[in-house]
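All chains, please: the whole structure from these sequences, using the hints.
Chains as they are written, first to last, in the numbering used here: chain A, 9 to 515; chain B, 9 to 515.
It should be emphasised that the hints constitute simulated quantities derived from the structure, not laboratory data. Where a beta carbon is used, it is the ideal one built from N, C-alpha and C, also for glycine. There could be a bad hint or two in this list.
Unchecked claim - Computed from the model, here is a short list of chain A residues facing chain B with C-beta under 10 Å:
{"#": "1", "residue": "V107"}
{"#": "2", "residue": "R109"}
{"#": "3", "residue": "Y119"}
{"#": "4", "residue": "H126"}
{"#": "5", "residue": "P199"}
{"#": "6", "residue": "P206"}
{"#": "7", "residue": "L386"}
{"#": "8", "residue": "M427"}
{"#": "9", "residue": "L453"}
{"#": "10", "residue": "L483"}
There are 2 protein chains.
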Amino acid sequence: MPRSERIRHPALARKVVPADVAAAMIGPGATVGMSGFTGAGYPKEVPLALAQRIAAANASGARFKINVWTGASTAPELDGALAAADGIELRLPYQSDPVSREKINSGHMEYIDVHLSHVAQLVWEGFLGHLDVALIEVSGITADGQLIPSSSVGNNKTWVEQADSVILEVNSWQSADLEGMHDINYGTALPPNRRPIPLVRPGDRIGEPYLRCSPEKVVAVVETDAPDRNAGYSPPDETSRRIAGHLIEFLEHEVARGRLPAELLPVQSGVGNVANAALAELAQSRFENLTAFTEVIQDGMLSLLKTGTLSVASATAFSLSPDAVAEFNDNARDYRDRIVLRPQEISNHPELVRRLGVLAMNGVIEADIYGNVNSTHLMGSRIQNGIGGSGDFARNAYISFFVTPSTAKGGAISSIVPMVSHVDHTEHDVNVIVTEQGLADLRGLAPRRRARLLIDRCAHPDYRPLLEDYFDRALKGAFGQHTPHLLEEALSWHARYVRTGSMVPQR
Amino acid sequence: MPRSERIRHPALARKVVPADVAAAMIGPGATVGMSGFTGAGYPKEVPLALAQRIAAANASGARFKINVWTGASTAPELDGALAAADGIELRLPYQSDPVSREKINSGHMEYIDVHLSHVAQLVWEGFLGHLDVALIEVSGITADGQLIPSSSVGNNKTWVEQADSVILEVNSWQSADLEGMHDINYGTALPPNRRPIPLVRPGDRIGEPYLRCSPEKVVAVVETDAPDRNAGYSPPDETSRRIAGHLIEFLEHEVARGRLPAELLPVQSGVGNVANAALAELAQSRFENLTAFTEVIQDGMLSLLKTGTLSVASATAFSLSPDAVAEFNDNARDYRDRIVLRPQEISNHPELVRRLGVLAMNGVIEADIYGNVNSTHLMGSRIQNGIGGSGDFARNAYISFFVTPSTAKGGAISSIVPMVSHVDHTEHDVNVIVTEQGLADLRGLAPRRRARLLIDRCAHPDYRPLLEDYFDRALKGAFGQHTPHLLEEALSWHARYVRTGSMVPQR
Numbered sequence: 009m010p011r012s013e014r015i016r017h018p019a020l021a022r023k024v025v026p027a028d029v030a031a032a033m034i035g036p037g038a039t040v041g042m043s044g045f046t047g048a049g050y051p052k053e054v055p056l057a058l059a060q061r062i063a064a065a066n067a068s069g070a071r072f073k074i075n076v077w078t079g080a081s082t083a084p085e086l087d088g089a090l091a092a093a094d095g096i097e098l099r100l101p102y103q104s105d106p107v108s109r110e111k112i113n114s115g116h117m118e119y120i121d122v123h124l125s126h127v128a129q130l131v132w133e134g135f136l137g138h139l140d141v142a143l144i145e146v147s148g149i150t151a152d153g154q155l156i157p158s159s160s161v162g163n164n165k166t167w168v169e170q171a172d173s174v175i176l177e178v179n180s181w182q183s184a185d186l187e188g189m190h191d192i193n194y195g196t197a198l199p200p201n202r203r204p205i206p207l208v209r210p211g212d213r214i215g216e217p218y219l220r221c222s223p224e225k226v227v228a229v230v231e232t233d234a235p236d237r238n239a240g241y242s243p244p245d246e247t248s249r250r251i252a253g254h255l256i257e258f259l260e261h262e263v264a265r266g267r268l269p270a271e272l273l274p275v276q277s278g279v280g281n282v283a284n285a286a287l288a289e290l291a292q293s294r295f296e297n298l299t300a301f302t303e304v305i306q307d308g309m310l311s312l313l314k315t316g317t318l319s320v321a322s323a324t325a326f327s328l329s330p331d332a333v334a335e336f337n338d339n340a341r342d343y344r345d346r347i348v349l350r351p352q353e354i355s356n357h358p359e360l361v362r363r364l365g366v367l368a369m370n371g372v373i374e375a376d377i378y379g380n381v382n383s384t385h386l387m388g389s390r391i392q393n394g395i396g397g398s399g400d401f402a403r404n405a406y407i408s409f410f411v412t413p414s415t416a417k418g419g420a421i422s423s424i425v426p427m428v429s430h431v432d433h434t435e436h437d438v439n440v441i442v443t444e445q446g447l448a449d450l451r452g453l454a455p456r457r458r459a460r461l462l463i464d465r466c467a468h469p470d471y472r473p474l475l476e477d478y479f480d481r482a483l484k485g486a487f488g489q490h491t492p493h494l495l496e497e498a499l500s501w502h503a504r505y506v507r508t509g510s511m512v513p514q515r
Numbered sequence: 009m010p011r012s013e014r015i016r017h018p019a020l021a022r023k024v025v026p027a028d029v030a031a032a033m034i035g036p037g038a039t040v041g042m043s044g045f046t047g048a049g050y051p052k053e054v055p056l057a058l059a060q061r062i063a064a065a066n067a068s069g070a071r072f073k074i075n076v077w078t079g080a081s082t083a084p085e086l087d088g089a090l091a092a093a094d095g096i097e098l099r100l101p102y103q104s105d106p107v108s109r110e111k112i113n114s115g116h117m118e119y120i121d122v123h124l125s126h127v128a129q130l131v132w133e134g135f136l137g138h139l140d141v142a143l144i145e146v147s148g149i150t151a152d153g154q155l156i157p158s159s160s161v162g163n164n165k166t167w168v169e170q171a172d173s174v175i176l177e178v179n180s181w182q183s184a185d186l187e188g189m190h191d192i193n194y195g196t197a198l199p200p201n202r203r204p205i206p207l208v209r210p211g212d213r214i215g216e217p218y219l220r221c222s223p224e225k226v227v228a229v230v231e232t233d234a235p236d237r238n239a240g241y242s243p244p245d246e247t248s249r250r251i252a253g254h255l256i257e258f259l260e261h262e263v264a265r266g267r268l269p270a271e272l273l274p275v276q277s278g279v280g281n282v283a284n285a286a287l288a289e290l291a292q293s294r295f296e297n298l299t300a301f302t303e304v305i306q307d308g309m310l311s312l313l314k315t316g317t318l319s320v321a322s323a324t325a326f327s328l329s330p331d332a333v334a335e336f337n338d339n340a341r342d343y344r345d346r347i348v349l350r351p352q353e354i355s356n357h358p359e360l361v362r363r364l365g366v367l368a369m370n371g372v373i374e375a376d377i378y379g380n381v382n383s384t385h386l387m388g389s390r391i392q393n394g395i396g397g398s399g400d401f402a403r404n405a406y407i408s409f410f411v412t413p414s415t416a417k418g419g420a421i422s423s424i425v426p427m428v429s430h431v432d433h434t435e436h437d438v439n440v441i442v443t444e445q446g447l448a449d450l451r452g453l454a455p456r457r458r459a460r461l462l463i464d465r466c467a468h469p470d471y472r473p474l475l476e477d478y479f480d481r482a483l484k485g486a487f488g489q490h491t492p493h494l495l496e497e498a499l500s501w502h503a504r505y506v507r508t509g510s511m512v513p514q515r
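Right, here's the structure in full:
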């Protein structure tokens with residue numbers, strides 16, 4: 009569809025302006041709700057224009073910062089540019105941009121890391137303050153002024169509803185065949201008026217294909233034609249293949265024991281190379297007629313949809329490599345019957361995750377010997393990305409899996425440690441941990457048994473004796489034997505890494 | 009109702025035996041699902057008889073241990089007696105018995121601390137292994153063999169369904185007017201067949217008043233006439249009154265700001281003296297027409313029901329003092345229309361807690377300056393009780409409150425510490441922390457702001473300078489400034505307590 013045909017509503021077509029004109033409508037101190045989820049569907053020109061304006065203002069001694077709320081991570085044109093201009097006061101709820109990360113960890117930007125299913129309701133409830141502007145990428149505008157979402161839905165429904173004014177970016181790079189793929193549920197309400205969410209299968213449609221938006225609220229429309237971030241995935245390596253192998257063996261075992269149906273239960277998979285590789289391996293397995301109820305459709309999942317291993321996928325966004333995007337854009341019409349993109353308060357809703365019995369697979373930074381998981385912090389203090397939806401899925405999952413290579417930084421960091429330096433998923437929420445070394449099924453195990461199993465099955469051989477030594481001494485010297493820890497030593501591996509660049513003790 | 013009339017089913021009346029005969033049906037290695045939730049509705053005679061048998065066997069050199077699953081905590085006649093006999097191999101999902109606690113912390117008993125809403129489904133899923141015997145207290149048996157629950161429901165529905173055989177204790181001490189107060193939902197299923205739970209108000213009835221039980225499955229019936237544990241509550245002291253005062257002021261403020269309805273939202277309150285005192289203070293407030301969607305009805309809540317401040321309460325159990333029990337038993341018929349007792353997988357269900365928008369108030373052992381909460385472990389290793397339902401409620405709450413006096417052990421322990429020694433509720437799940445010193449509203453605050461507020465508002469003045477000093481130095485020396493920590497020092501307060509008996513540094 010040519011660019012001009014994307015805006016079918018005449019009054020809104022008359023609001024088209026250059027990006028810098030739209031950016032000028034956002035002032036210092038504004039809180040802006042932007043579209044964007046894992047590098048898909050974020051606005052591509054207005055944030056850049058705004059960053060230039062902010063940089064100029066700040067260079068002249070003014071103080072120009074805004075608060076940025078999104079769906080999840082975006083891209084250099086949004087998070088990167090605004091952070092580089094020192095233009096962000098507060099950022100939420102998830103981000104993965106390297107420039108932003110540096111600003112946050114050097115104390116120059118504030119960041120709140122929120123369960124992705126919680127964000128919309130926190131705003132509806134009025135707990136995060138006032139939203140001034142919604143800045144939303146869409147793939148088109150219907151004749152009656154409704155918005156056709158693009159490659160992510162995220163919190164767009166909420167931003168459009170809650171903001172005083174709306175700026176739209178209409179991106180003609182996005183496939184016109186996205187129209188009809190989205191399912192925007194308008195049945196949400198605040199308590200005491202909430203009702204059951206009527207979704208019982210991952211592919212159920214419980215809403216409308218468009219975002220409602222009063223045309224009067226739209227103050228500017230910007231036309232763009234630019235691709236999503238679309239970072240590539242590393243090809244599966246031996247480590248991720250082995251992790252995937254352990255996972256699949258476990259799933260087959262659970263099916264054989266009658267604890268999972270043959271077509272499994274809806275799969276959720278976090279973003280990242282290991283998760284992507286695990287999905288790729290599923291294509292090689294005997295499983296078929298699978299479904300997905302997840303946050304993000306990455307290459308591995310698209311390929312399962314293509315081959316038919318996966319019959320339907322529910323998510324809130326894509327996160328594809330350039331090759332996969334090309335394939336998707338060529339065949340979006342075919343995929344439309346088997347992909348549903350929803351607002352993130354629905355894609356990640358605890359009610360639905362629990363009801364459907366999702367098999368949740370997420371990455372970790374580290375896990376400790378008792379099964380507590382750190383998904384967010386390096387050495388207790390530096391944020392890496394954020395918790396994302398991992399908590400929404402893990403807490404309510406049928407089985408919660410956490411996957412990671414057993415070491416990082418060429419072996420200088422062990423992913424299995426005596427005590428995690430930050431907790432995102434407690435021992436109460438972690439069922440299975442998988443590394444390339446093996447799989448530890450922690451269900452039904454008291455803490456000391458978890459420790460033995462995790463050390464034996466998941467730790468790297470270089471770290472196993474060190475973990476055994478810690479645990480054995482904790483069995484003698486701890487203040488209590490339910491969760492034996494040596495308080496002076498529990499975080500010493502992290503302290504050693506900060507001091508020496510390695511968790512391995514110096515001789 | 010006289011004892012004999014409690015068993016209206018003739019075939020089951022013929023199965024009445026003495027407790028020791030019933031206890032003899034439970035062998036070494038058995039897994040037994042027992043009734044009981046916070047000292048209410050647990051079996052009172054068979055566990056004692058079993059403990060005697062086990063003690064005798066163990067004294068003669070045999071090894072006789074069983075696995076005990078319950079609703080939550082029970083009483084000395086169950087947990088205490090079996091633990092004292094060294095008769096428990098594995099205990100789940102929550103307990104608070106001092107003898108058991110000692111066995112667990114000395115490494116002689118295994119204990120798994122589970123979210124209370126998760127237990128039933130873990131058993132249905134087959135993840136915890138086989139259940140041999142259900143040992144359930146009831147207040148009576150109907151003419152067609154259905155079971156009238158007593159003062160708690162807990163996991164009884166699941167134990168009766170899943171166990172190979174059922175032993176009943178029919179307790180004529182329990183009020184006959186409990187009949188009709190319970191609501192047992194049989195609509196649960198495993199995925200992919202789960203459906204929305206049709207509950208939209210705390211008082212909705214979505215099930216049946218009785219537990220279904222095939223009479224053939226019942227192998228023994230024991231008649232008892234013994235009171236529940238019914239420990240008393242401490243009268244509200246100045247500390248708990250001040251905590252309650254801060255809470256009520258906050259709630260009034262939220263109503264005034266339009267962020268809560270005038271009749272609030274359904275209240276959940278943990279067990280314990282502070283929670284009980286907070287409820288007592290609600291009776292003195294301007295609030296009326298309140299509702300409760302909670303785990304346990306303690307004295308404070310019963311008194312709110314009596315005065316009409318509370319119009320209806322949903323729970324899974326009572327936890328009353330002897331005085332309150334007497335009052336309840338005299339007026340059970342009046343309370344029956346305003347109290348609904350449900351299985352704990354429903355009373356604590358994340359779907360319902362989220363839908364209803366519960367105001368969740370739970371105690372803590374300690375919180376750290378970034379808002380992470382430890383509900384279970386003393387000094388990182390010793391289990392105190394367990395997480396109970398606090399995670400079910402806090403994660404899905406409209407607002408999650410955590411309350412505690414600012415110090416313990418006469419000031420030797422600070423409840424606000426640099427880093428908690430165990431995490432049960434992560435920074436993502438904690439909205440408001442309250443001590444007698446004040447209230448910290450953490451909503452919408454990045455970690456460093458939370459730290460300043462928590463230190464200023466909640467820490468005891470004796471510990472405030474020490475926390476400020478830690479935080480100020482972490483702002484200079486930490487590996488990252490998102491969550492500044494000094495790894496060598498983060499747990500030093502706990503280590504100092506273990507070493508010296510106090511968190512206060514020695515001069």
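Hint by hint, here is what the structure shows:
1. V107: violated (15 Å)
2. R109: Check passed: Cβ of R109/A comes within 9 Å of chain B, closer than 10 Å.
3. Y119: For Y119/A, the interface hint holds, since the closest Cβ of chain B sits about 6 Å away, which is under 10 Å.
4. H126: Interface hint status for H126/A: holds (8 Å vs cutoff 10 Å).
5. P199: Since chain B brings a Cβ to about 3 Å from P199/A, closer than 10 Å, the hint holds.
6. P206: holds (7 Å)
7. L386: holds (7 Å)
8. M427: Where the cut-off is 10 Å and the nearest Cβ of chain B is about 8 Å from M427/A, the hint holds.
9. L453: It holds, given that the least Cβ distance between L453/A and chain B is near 7 Å, below 10 Å.
10. L483: holds (7 Å)
The structure fails hint 1 only (numbered hints given earlier).
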